[in-house]
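Visitor: Chains as they are written, first to last, in the working numbering: chain A, 1 to 411; chain B, 412 to 765; chain C, 766 to 1058.
Treat the hints with caution; some may be incorrect.
Calculated lysine-lysine pairs in the DSSO-like style (CA-CA distance at most 27 angstroms, straight line) [said to hold, decoys possible]:
1) A:K345 / A:K358
2) A:K80 / A:K358
3) A:K335 / A:K389
4) A:K80 / A:K310
5) A:K410 / C:K890
6) A:K354 / A:K105
7) A:K389 / C:K890
8) C:K890 / A:K409
9) A:K76 / A:K370
10) A:K276 / A:K335
11) A:K205 / B:K551
12) A:K276 / A:K60
13) A:K60 / A:K358
14) A:K409 / A:K53
15) A:K358 / A:K148
16) C:K799 / C:K932
17) A:K146 / A:K389
18) A:K345 / A:K370
19) C:K890 / A:K234
20) A:K276 / C:K932
21) B:K738 / C:K890
22) A:K313 / A:K146
23) A:K205 / B:K557
24) A:K345 / A:K335
Note that these hints are calculated values from the structure, not bench results.
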Amino acid sequence: MKRIGLLSLLCSLILVLLILPAAGVMAQPKEIILGAALPITGGQSREGGYVKKAYELAIKEINDAGGIMVKQYNKKIPVKLIIYDDKSDNTTSVQLYEKLVTEDKVNVLLGGYGTPLITAHTVVAEKYRVPYVNGGGATGAIYERKMKYIFCLIASVGKLAHTLMDWIGGQQNEGNLKKPLRIALMGENTSHGKEFRQGVLDKAKAAPDRFQVVMDEPFELNLKDADPLLQKVKASNADIYLADARLADYTTMHRRYTELRLYHQVVSYGPRGAEKAARDALGPASDYIISCNWWHRDIPTASARTFRDKYEKAYNEPAEWFPATAYETVRVMAKAIEDAGTLDKTKIRDTLAKMDMKNSLVVGGRVWFKPNGQIENDYVILQNLPGEKVSLIYPKEIATAKAIVPIPKKQ
Amino acid sequence: MQVKELLRSWKTWISLALIIFLLLVPFLGIGGGYLQTLAFLTFLYVILSTAWNILGGYTGQTSFGHATFYGLGAYTTSILVLRGVSPLVTMPIAGLIAGIYGLLWGYPCLRLRGQYFAIATIGVGEATRLLMLNLDDLIKNIPLLKEALQDGVLTGGATGLMLPTPEDIRAYAMGFYYLAMGLMFAALLTSWWVKKSKFGLGLFAINMDIDAAETVGVNTVSYKNLALVLSAFMVGIGGSIYAQYMFYIDPQTVFGFPMSISMVLMPTIGGIGTIVGPILGAVVYIVVQDRILTANIEIGTFTLSLSTLHLLLYGGLLVVIVLFEPKGILGLQKRLVRRWGKRAIEAVPVKKMA
Amino acid sequence: MTIDIPALLVGAILLAGLYATMSYGLALIYGVMKIVNLAHAGVMMWAAYAVFVLIVNAGLNPFLAPLITVPVFFLLGMLLQRYVVRRVMFAPPISSLLLLFGIWLIMQNISYLGFTGDTRAITTKYTLMTFEFLGIAISINRLVVFCVGILALLVMRQFMGRTYMGKAIRATAQDGDASKLVGINTDRVMEIAFGLGIALASLAGSLMALIFAFDPDFGRSHLLKAFCIVVLGGLESMVGVALGSLVLAVAEALSVLWIMPALQDFVSFALLVIVLIVMPGGMMGLLAKLKKT
């Protein structure tokens, strides 16, 4: 009997020890800790992987230079990066951000990736008043919650759609496209896709003499068969085809679009289309696709080039926009700490709110935040050209070529 | 008499110590307060785990669609809160709605046996998720139903619903911790009461042999449905708790297949059909996963991040449990106890003989 | 706005071929051993990666790749059955469900370690190739999948009906003890049946890798859809799967005319539940009943 009791006691003790968080590495007072939970596995694992690489690259650079200069201690302090895998799951993401703040005692938080995840875990950053900057949650609604500690380096998907539509309007003004244009619109059934479609609809409603949306459909992720949707597109007799889809669905859809020999004067998948993976999946069928994005490796500014070269040398793969904005997130955070001169979280937050960083790799080169925490800058519009080339067609300051619009019919 | 026995039993003292410890956690600040978060999530998952166990463990009807109740509870609370109802008031309503929904699809589906029921629940789970994902678009043109929309939003579709956060969110979290703890004890009490009651006896009988149970007079249809409704009610309240804690819900998280799976895994790992089993399962699910997701093992100069192996470890745990100890951790413990207990008994007679 | 219905229907028939191919493995294993193989998704995913390596790294012709992957997976399936799955064959159904789910998780992790979570796509010269049929453009890849779907059905029917092993499998599925009595090595039979199921799943994965982009999470949505098809068909019969695929694919394609495309999947799952409740034998059961009357 005693043995049984002892055994159970032992089991309970082991359980309790498991529960009590491990002592782990004692947080050195002489280290600045940055933490983030990213989707390394699960539905967003592709993007999460990029963000992780970018964070690691940025941290390494900072540490190679000795760390971040903090005036309060009159020395450069090295930086430690903690990254957890949130499995693309909201609950896990929230739990891990709580852990980063409470157990790991981070000084500041870096963003995750993916609107649902970010919407959920930003509550934690605000709750503990820890400055949080992300480069991967574009949905505007995240920043409408009057949160003071949350900052975002990318402008919203809705604005992206507006910019694309405005550019189309510009083409109408130049006479390259007629008025009105019939638009076939599709979007993945996620907040990203919904906001994109809403952005297009907004502009169409505001200018009915220019745009008529003749088809507007959401579609479930992981499309098995794009036929029903594309037959609808065909039947709608649209002039322009706009869709918002992630890489997998874009592959399925545009392959079928090409097989059906559909044609529209402008074809755009929102931010998708110019990156290497997208071009490889479609080959020449991806030519002339127009995309509107937060960044592209061909942007000719010095800081964009520098990042591109560093990233591509380190990881031997082309730099897409995810790692670019993520990398910049770390730089922005480092600058904020340096400018604040202290590790006091509230002061860092205030510095972020007032930030005006020049020579950034983002479009327009300037990082500053609106009162709601989101950046207000422009996008870059690109067009795929034959031979795996890409031209920048907007904004004028960095454009490399004129857009070919309407796009040529295929053979 | 019973009270004296209870007081002498070490089990009572350990449990009491544990409860006192849990009550003090928000003040102890262990792990900078992280233990409170882990404990809170554990309470929530104990409720879910215990609830599933009533249907899956006691009655033997394996449901892979329990996320529907979780989601309905979460959405009911969120929708009502966004329209001005006090959050705590929404909790029983959330449970009720989940329970009613359970009855709706449960009544026809519970007629199915074993695997068929499990497969049907997968269908119900996915169908519900897709319905909630697209509900706003569906009803926006239907005259009566569209009154439910507020600014064109009922469920919010893929965007989900965001709840307003309270001013002092840390005090709120502490209060909520005790609420969740209280509800957890209520759930455990319910589970204990069911097991001890005639109702529970009937459920176990249905589990063992439904035809025999029917023959001896157990009303299998009402018992099974009651188990489902009770289970749904509890999970609905769990969903409500979730919404009030996260302040943000979306269909993929609360209605998703992974959520349903987790509710099956917890009681199975801990010990299906018991009262303590779901508790162990929830603790393993939250605490052990937390350790795995964030631990790094240093072997010389090489650091292995366990989080890259979390699927492997979790899958491996499942495989090991199914192959070697289907009764879960509790079953393992009992087996070890029996083995050691036997040795103790054997040791004595041999000595006497010599 | 008139939708080209013939084109829609042709597309639906091709899709049915895809649905059938990705569901055969599930139906076979369930039909013979009453085990729901949740690892089916993992096998499709692994086959996709295997084919990716063969085509992209070794330059193999995409349609020859399955000739390598399928036998390998058949063997793996047999081994899995012999050393692992056999032990839960007579346990309550939840055991096999959880065991195979655990195996699926392990398969995913191995893929994450080997290939990261990045999305992969295979582009070959056949990728955008089409074949004109009455003015409708048919994708070569999808046509191949369709043909394989029909071929697999015919081959399996011959196998199950004419060969010793096929009949032995059916016998064991009907009554294991009686089969043992007549001298059938039921252990061996179960191994082969399971191996076949896994082989069919790998065939599906090998072909789907040519059509879809994939990552370690691939296969989940296909698995869920396959449930709908297998149930619709009648849970145990390959012909049922073919019929179920056809009905579901056509229903989904035509539903675009009346409901939101986003709700197509809802229709499939609702059908799953309704068929289980109202018509548990699925379509094969319905046909059998009609034959009797």
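Visitor: A separate judgement is required for each hint: does it hold in the structure or not?
Guide: Hints versus structure:
1. A:K345 / A:K358: holds (23 angstroms)
2. A:K80 / A:K358: Distance ~26 angstroms between K80 of chain A and K358 of chain A Cα, so the pair holds.
3. A:K335 / A:K389: violated (35 angstroms)
4. A:K80 / A:K310: Holds: K80 of chain A and K310 of chain A sit about 20 angstroms apart, inside 27 angstroms.
5. A:K410 / C:K890: Holds, at about 17 angstroms.
6. A:K354 / A:K105: Distance of about 25 angstroms is within 27 angstroms: holds.
7. A:K389 / C:K890: Holds: K389 of chain A and K890 of chain C sit about 20 angstroms apart, inside 27 angstroms.
8. C:K890 / A:K409: holds (21 angstroms)
9. A:K76 / A:K370: Status violated; Cα separation ~30 angstroms.
10. A:K276 / A:K335: Given that 27 angstroms is the threshold and the Cα spacing comes to 32 angstroms, the pair is violated.
11. A:K205 / B:K551: This hinted pair holds, its Cα atoms lying about 18 angstroms apart.
12. A:K276 / A:K60: OK: K276 of chain A and K60 of chain A at ~26 angstroms, within 27 angstroms.
13. A:K60 / A:K358: Holds, at roughly 22 angstroms.
14. A:K409 / A:K53: violated (39 angstroms)
15. A:K358 / A:K148: holds (23 angstroms)
16. C:K799 / C:K932: At roughly 17 angstroms apart (the allowed maximum being 27 angstroms), K932 of chain C and K799 of chain C satisfy the hint.
17. A:K146 / A:K389: Roughly 42 angstroms separates the two Cα atoms, so the pair is violated.
18. A:K345 / A:K370: holds (19 angstroms)
19. C:K890 / A:K234: holds (26 angstroms)
20. A:K276 / C:K932: violated (52 angstroms)
21. B:K738 / C:K890: violated (53 angstroms)
22. A:K313 / A:K146: violated (40 angstroms)
23. A:K205 / B:K557: Holds, at about 22 angstroms.
24. A:K345 / A:K335: holds (14 angstroms)
In summary, the numbered hints that this structure violates are 3, 9, 10, 14, 17, 20, 21, 22.
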